Amino acid sequence: MRALLKMERPAWLLAAAALVVLVVINGLVQKGFFAPMVLQSNLTTFLPLVLVAIGQTYVILAGDIDLSVGAVAALVNVITVSVMAALGGSAGAIAAGMAAGILVAVACGLLNGLLIAVLRLQPMVTTFGTGIIFSALALWVLPQAGLVVPDAYWSTYGGAILDVPTVLWILLLAGLFVFVLARLPFQSWLKAVGGNRSGAFQSGLPLTGIRIKAFVLSAIFAGLAALCLTGETATGDPLMGQSLGMGSISAVALGGTLLSGGVGGAMGSILGALLLGMIGNVIYFAGLPYEYQTLVQGLIVLAALAGGVVLARR
Amino acid sequence: MSDGLTSDINARPWQTKALTLLRDPLTLALLAIVVMLGIGEALSPGFARGDQIVRLLTVAALLGIAAAGQNLVILSGGAGIDLSVGALISFGAVVAGNVMNGADAAILPAILAAIAVTFLFGCVNGIGVTVIRIPPIVMTLGMMAVVQGGLVVFSQGIPSGNAAPALMNFINKPMLFGLPGILFAWLALSIAMVILLRRTSLGFAIYAIGANEQAARLVGLPVKTVRVLVFGLSGALAGLTGVMVIGYTGNSFISVGDQYMLPTIIAVVIGGTSLAGGSGGYVGTVAGAIALVLLQSLLTTLHLEVWGRQLIFGATLLVLLGMYGRQQAPRV
Amino acid sequence: MNMAIEAKSLTKTFGSVRALTEGRLRVAEGEIHALLGANGCGKSTLSKIIAGTHAPSSGSLRINGQEVSFASPRAAEDAGVALFYQELSLIPQLSVEANIFLGREPRTAVGAIDRKAMRAMAQKLIDRFGEAVGPGLRPEARVSDLQPGERQIVEILKVYAKNPRIVIMDEATAALDSRQVAVFFDFLREKRGEGVSTVFISHRLAEVFAICDRITVMRNGETVAEMTVADTTQEEVVRMMVGDIHRPQKRAAKTGTATPIFEVRNITGARFHDVSLSLAPGEILGLGGLQGQGQSALLRGLFGITPLTAGTLHLEGRACRMRRPAQAMAEGLAYVSGDRVSDSVLQGRSIYENLLAALVMREGKLWLSPRQMAPRLSAEAASLKTKYAQLSDAINTLSGGNQQKVFIARWLATQPRILLLDDPTKGIDLGAKADLFALIRDLADKGVGIILYSSEESELLDNCDRIAVFNGGAVVTELSGATLDSFHLTRAAFGES
Amino acid sequence: DTFKIGLSNGWVGSEWRTQMIEEAQAAAAAWADEGTTVEVVVQSANVDAQGQIGQVRNFINQGVDAIIINANSPTAFSPIFAQAAARGILVIATDAEVSSQDAIYVGIDHKEWAMQSAKWLAETLEGKGNIVAINGVAGHPANEMRVAGYREVFAEYPDIHVLNEANANWDQAQGQQVMQNLLATYPDLQGVWVQDGMAAGAWRAIMAAEKKDDIAATGEIRKDFMTVWSEENLTSGASVNPPGVMASALNVAVLKLQGREFKDDIFTGTYGNAIYLPIPFVSNENLAEKLSEAEGKPGYWSVTAAISPEEAAAFFK
Ligand SMILES: Nc1ncnc2c1ncn2[C@@H]1O[C@H](COP(=O)(O)OP(=O)(O)OP(=O)(O)O)[C@@H](O)[C@H]1O
Ligand SMILES: Nc1ncnc2c1ncn2[C@@H]1O[C@H](COP(=O)(O)OP(=O)(O)OP(=O)(O)O)[C@@H](O)[C@H]1O
Ligand SMILES: [Mg+2]
Ligand SMILES: [Mg+2]
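Protein chains in written order, with our numbering: chain D, 1 to 314; chain S, 315 to 646; chain U, 647 to 1143; chain Y, 1144 to 1460.
Hints in this document: simulated from the structure, not taken from any laboratory.
Just so it is clear, the structure is predicted and the values come from calculations on it, not from any experiment.
Any given hint could be a false lead.
[To be verified] Going by beta-carbon spacing under 10 Å, a handful of chain S positions derived as facing chain D: (1) N415; (2) A417; (3) A419; (4) I421; (5) L422; (6) P449; (7) I580; (8) A590; (9) L631.
[Unchecked claim] Examples of chain D residues lying across from chain Y (beta carbon under 10 Å, computed): (10) T44; (11) S82; (12) A138; (13) L139; (14) T208; (15) L229; (16) L244; (17) F285.
Backbone N, C-alpha and C fix where the C-beta goes; we use that ideal spot for every residue, glycine too.
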């Protein structure tokens, strides 16, 4: 067992273990937690953060950070919704809206990547700055929340495909993506770039391209999260997704990825994001007075992190 | 070449000196300040008037004091960053407000109480980062939630107090040479920071730890203690900012410090301190804080749509960052 | 004779530092060519230009007769050029196999990394070093868990995994022991047979004369001579590199039975166990044996860097504990590490600050006055002939060897009573080495106790009064007096006593 | 009977919200006197709209009878409210209007709220003068409605010139900074339209610039501010958005849960689902009276008002 823990990525297992504990607790305090409906609704709540955390992982593995994901999500949301509204609510309009959203996300990722990898600006402050710009553009596109999304879009998102809830499909596909990418050289290169940048360069890796790709991946996942949010809220809102930036970083850390880069993986981030969501649930269903909810949530997150770090050191 | 080793920095030819000066983040920040003042004055006459500049400096002082702590944390490296400063400013303000509750006599106890409490919170950050080894960004983010939650609990039923008149005058009214007291306080803090960083062993340790933690440990520097202390100081300076903020606003409320969190980081980075730790200083941060506040006011006075203001703000930030906050090229 | 490398008039300036003023190098196909010179003369800079890591400021470079200008290390690799980086190019967080094949991973049909193939290939490469490496060097081990020598071997394997036609070995043997060097040389000879050209950079002249065909000597950024090994002598080469040096005689063994200044009884820690040693004042005690047998680990344990799990320490008869470096420093110990990048350099800070580092805690002053400190520190640096422009320059403007001198000076400034040296001459040129050992003997004569670990046998034999030989984390023999020779040392190192 | 009502609040950054929840809890407790047990469960945290949807889901999964929400978005809740309605859960939004037809809104009309104080300002300035406006978070629904409100009013006064509109994000200190900048840029200023807590900050800047006698500006309803207002003799007026809105919504909810039917044409508003509550106004005339109501209350206490169960009954058949 100890050897197992010591092996590849202990923190990955720890996030899983913590998640199991929380699921058990939640099952105890919330009756009906395991009812398919309830599970689906919880997954719907957690899914956007899960997606953003996946993308954030790749940026962090490469030793960078992306604070702009929330703003990217907002921008993609308003673009998608505006395009759908402008083209009427047909299936074609839906597809066009989604495509436009993802294209914009790619553009956002490219901008981040160019500024950071080519012009070599400091990533944290740069993505904070670009985040402000993306928010500004979102406000420009849609000055206040509104516009409706075609019924087909959000009812499909909230419903099921082949008897499997759509949100579960999305989670499974995201998981598959993570699984596949972890087996490609690219993820190893990301870690190299984050672990020892000059070493990676000296080893002949195309630093700039790798970092840009990471930012584009992050933005695409933020865009996918925005499509989910759009399905969940059936509306456009320029202020949407503001908590995704910091939330995704916490999820990545909880999932055992080192924020300094070079170590970790997106599977852990998925668990970390689910863990963060579950913490919120448990607190509520444990019947805590509301004044203590923020406090206790902060404490549990810290405790989970501390526990993970302490155990990982064994 | 191996003698005459006491050669000092002033012995360089003036060309090199001029070149270094031009690349210096401090010079760049000052340049940016002058340019923005010029633009402001051109667009809305009165923007660069003396008393308006004094008011801007007052606002910058609030940011600058909080950014001093942030600066220490970032300098000490190890991905050091303090996201809890905003929440701790709020906490400091609420504590100070409750202790002084409008009484001049209680100002000192209020300052001490606010600083003591926030110092402790800061130390807890430091302990989490050093002993338990939680990454600073997550530790302080968690602490932010805890402190905010704590404020909601704490402010229950307790009247959040008011600033004492003397404190409000100190921050808002001219004291000497037409300048309010807070500017002198900031000046004193700046001098203390520069001396701390350049001439004391604590300052040396902060740079050394930021540059190479392992090497710092091997030369006997108390790495963990210094780091805890640095986070503690960041907390305390946030608490002090909280006291000043309540003097500025007159009374405290639980989200009063939120708006300072990210600007402290930006001021530090614009001022030329590397987020990787180990290089930079406070003088640049002072310039960074002023530039940032100036930019914000400049944008306020422009008659623009909100998104336009935000766009300009973001873009200017990137330009400022691009002027010096660039990382090293892999190939030279 | 076909020329593999022909570099002409290469120059390189970093800001205002002229690192290379006239870089010339002609390496024939299939030869092993030594590139020699004192610290900071521009060897690494020249190598990096050839390997595409640095852009030259001017000059021309021909590879296999073709005029080239590599835009990146990748471009150089594609032209068959691979460089062993003096400071290593490994990713500590990744496994050995991932490092060896970084950027050229074997792939399966669907494009994923073919882990099986990669492991097998890595294992095959490691097996070339066979017995000469410890069991820790496995394909799946993380590089950060390896010892310096093992890392160096991984970097070597990484170079050869690229199947290069031209190899530059920038101090590839600096942390290798004699057995590992032997394997490495077999490798070099085999590659020579295959027509691979090798540039061999080393400060160990004996190695150069053992393996190389021709020599290029550099001085102050300039190539000053080119010759064949057969036509020259070590003395001549040294004179060309650094001028005349004072070669110390073998140290006359210290006699007398003073009470030990430092005594270690039955201590155990990570990578060593049950070690007992005693050190008399003024004595130079060597730690011998193959690379990675616990010598460095012992020194680090003694200095409080890693915990001791059993045993006792006595300083001048008084029991003491070293739980932190600060505690060890307070007792008058000093520790010079051979691992500059991770243990010593305060990156981005000035030379002054890098020199000052150990004094800060040693003197316990709150107030640091450069006016007072700078002259002391610069004198200390001068005693090792450290080459730098001014104290306020950043440390990374110095060459590797000069940096190491700064870090030694840093510790000498603390005036230690006991000096722990952990392969301190790694990357230091001959002149500086001679200065350093002269200085160490001086200190010993003043009563300082010295424990020296070196991966270079001759350093130990020339300078130590006694050598404790390590194998498998324990002392197998102590050599002194008549047994203090290469024969006994080698035999003991391989575990025969 | 016993009813379980979930209260959802998505922002904990102000004491106004705390007071809102406390008053709602008190209103719930008061139902015991009438023989009805109203159990409230509260979720209150800093979340975005999506996080608040999670809060609503928790309520649904828990099986509450009604949900009262101070929503972070006017539109984002439509799907989740539809789900709640499908489960027979009553959804009432308060303080911030929502577009969902599966929910009703019980609270003030923010546009009207802004129009009242804008009218006060215009009339105080006798229909002419230079003014500036300081707003909350751009893009936030309540802010946008308020902006629409004052713009509509000022448009009716051709001699009132709105020189600039800035955002201070409902933050008192930012309100003060923005006001400072505006004062420096526009020396000839007669009026300021500013909302909520930012008003206290704006007034502080006005007083610091020694212009309190030359400028009329809207104010706010916290006791702290009203004390200054009275002591310094400011020319101010404030529309009241009472924190009691959630208590009012709760009283309406309980009556509905008891099976009563709304009157036919009770709903109005943009989305046709709103019951607007009266908006009290504080001006120099009734300031003293409001201050006496605040006697013994903490400084952050806001002037409040809530619809009693009896008054709420008037909305029903
Ligand atoms: N007379 C001197 N001779 C040599 N070195 C000096 C001398 N005075 C100062 N130094 C050192 O040279 C380095 C460069 O000084 P400088 O003040 O520019 O750096 P700094 O500490 O980074 O300051 P800042 O806070 O402005 O960024 C410092 O480490 C300082 O300690
Ligand atoms: N990045 C850099 N910035 C500034 N100066 C540099 C840089 N790299 C090297 N130098 C300078 O260039 C000169 C040559 O350095 P180089 O590393 O090539 O020497 P070297 O011959 O390899 O020495 P060593 O034997 O010590 O490794 C030195 O004076 C060094 O200070
Ligand atoms: Mg400086
Ligand atoms: Mg070199």
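How the hints compare with the structure:
For N415/S, the interface hint is violated, since its Cβ never comes within 10 Å of a Cβ in chain D; the closest pair sits about 22 Å apart. Violation of the interface hint for A417/S is found here, the shortest Cβ-Cβ separation to chain D being roughly 28 Å, above the 10 Å cut-off. Below 10 Å, beta-carbon pairs count as interface contacts, and A419/S has none with chain D, the closest being about 32 Å; its hint is therefore violated. Residue-level restraint check for I421/S is violated (minimum Cβ-Cβ distance to chain D is 29 Å; threshold 10 Å).
At about 30 Å, the closest approach between the beta carbon of L422/S and any beta carbon in chain D exceeds 10 Å, and the interface hint on this residue is violated. About 4 Å separates the beta-carbon of P449/S from the nearest beta-carbon of chain D, less than 10 Å, and the hint is met. Below 10 Å, beta-carbon pairs count as interface contacts, and I580/S has one with chain D at about 6 Å; its hint therefore holds. Against a cut-off of 10 Å between C-beta atoms, the interface hint on A590/S holds, since the closest Cβ of chain D lies about 9 Å away.
Using the Cβ-Cβ criterion of 10 Å, the hint placing L631/S at the interface with chain D is satisfied: the shortest such distance is roughly 4 Å. Because the smallest distance between the Cβ of T44/D and any Cβ of chain Y comes to about 7 Å, under 10 Å, the interface hint for this residue holds. At a threshold of 10 Å, the smallest CB-CB gap from S82/D to chain Y is about 14 Å, leaving the interface hint violated. Satisfaction of the interface hint for A138/D is found here, the shortest Cβ-Cβ separation to chain Y being roughly 8 Å, below the 10 Å cut-off.
With its C-beta approaching chain Y no nearer than about 5 Å, L139/D sits inside the 10 Å limit, and its interface hint holds. Residue-level restraint check for T208/D is violated (minimum Cβ-Cβ distance to chain Y is 34 Å; threshold 10 Å). Here the hint on L229/D is kept, as its CB sits about 6 Å from the closest CB of chain Y, short of 10 Å. With 10 Å as the threshold, the beta carbon of L244/D comes within range of chain Y, its nearest partner Cβ sitting at about 8 Å, so the hint holds.
The interface hint given for F285/D is met, as the beta carbon of that residue sits about 7 Å from the closest beta carbon of chain Y, less than 10 Å.
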